[in-house]
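S.K.: Full structure from sequences and hints, please.
In order, the protein sequences belong to chains C and S. First residue of the first sequence: 689, per this note's numbering; consecutive thereafter. First residue of the second sequence: 593, per this note's numbering; consecutive thereafter.
No lab work stands behind these hints, which were simulated from the structure alone. Computed from a prediction, not measured in an experiment: that's the story for all the values here. Be aware that a few hints might be false.
What the hints assert, rightly or not - In the DSBU-like style, the derived pairs of lysine-lysine whose C-alpha atoms are separated by at most 30 Å in a straight line are:
1) C:Lys759 - S:Lys689
2) S:Lys661 - S:Lys644
3) C:Lys699 - S:Lys689
4) C:Lys750 - S:Lys689
5) C:Lys766 - S:Lys689
6) S:Lys595 - S:Lys644
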Amino acid sequence: EAGVVQSPRYKIIEKKQPVAFWCNPISGHNTLYWYRQNLGQGPELLIRYENEEAVDDSQLPKDRFSAERLKGVDSTLKIQPAELGDSAVYLCASSPIGGRNSYEQYFGPGTRLTVT
Amino acid sequence: DAKTTQPPSMDCAEGRAANLPCNHSTISGNEYVYWYRQIHSQGPQYIIHGLKNNETNEMASLIITEDRKSSTLILPHATLRDTAVYYCIVGNFGNEKLTFGTGTRLTIIP
Numbered sequence: 689e690a691g692v693v694q695s696p697r698y699k700i701i702e703k704k705q706p707v708a709f710w711c712n713p714i715s716g717h718n719t720l721y722w723y724r725q726n727l728g729q730g731p732e733l734l735i736r737y738e739n740e741e742a743v744d745d746s747q748l749p750k751d752r753f754s755a756e757r758l759k760g761v762d763s764t765l766k767i768q769p770a771e772l773g774d775s776a777v778y779l780c781a782s783s784p785i786g787g788r789n790s791y792e793q794y795f796g797p798g799t800r801l802t803v804t
Numbered sequence: 593d594a595k596t597t598q599p600p601s602m603d604c605a606e607g608r609a610a611n612l613p614c615n616h617s618t619i620s621g622n623e624y625v626y627w628y629r630q631i632h633s634q635g636p637q638y639i640i641h642g643l644k645n646n647e648t649n650e651m652a653s654l655i656i657t658e659d660r661k662s663s664t665l666i667l668p669h670a671t672l673r674d675t676a677v678y679y680c681i682v683g684n685f686g687n688e689k690l691t692f693g694t695g696t697r698l699t700i701i702p
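M.R.: This is the structure:
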């Protein structure tokens, strides 16, 4: 079974530029998460999707961050414009709804963003 | 969700059992204890979870105290590949929202 795929793995941009991250979850997983992980900290949830619907975006900074999951499969997280403080690793995770493994989130390798 | 407290770092000799403690004194009756680990430059990986009974799988054992206010993750025969940050998380089953702390950085010493 293929895992969660994220691209790019690394991204360096100048502040005020836009950036986008892409995530392809495990096939059949209805729930998709985006997390941000600052250096030395645990991941923090930004947004959670169930199929196409964003069911928890309370921690997403909506002035500059946006996300979409148009067909309930792949997802894109965008930052526009990026700030120095956005430098972090952005992690995508997926899990099935219900069923034996619904308690487990499967994480991708993350995208390391550096804003200069 | 209940808050967890873990030691920031631990060392363990290769081949020995690694015992990682976690305090969760404010855990509520329907909250589970989950453990994840994060190896350098990778995303977190699920290890095990439990409610009140001790649990064991191919990766580890989870011992939860009778009052459920603390737990211990046991890696029975630690290898160098077990070097990682280990996160103890408390949440409802289905854990739609994992609230990670700073975890315990476990270093396995050859």
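S.K.: A separate judgement is required for each hint: does it hold in the structure or not?
M.R.: Against the structure, the hints:
| no. | hint | in the structure |
| --- | --- | --- |
| 1 | C:Lys759 - S:Lys689 | holds (22 Å) |
| 2 | S:Lys661 - S:Lys644 | holds (10 Å) |
| 3 | C:Lys699 - S:Lys689 | holds (27 Å) |
| 4 | C:Lys750 - S:Lys689 | holds (19 Å) |
| 5 | C:Lys766 - S:Lys689 | holds (21 Å) |
| 6 | S:Lys595 - S:Lys644 | holds (17 Å) |
When held up to the earlier numbered hints, the structure conflicts with none and fits them all.
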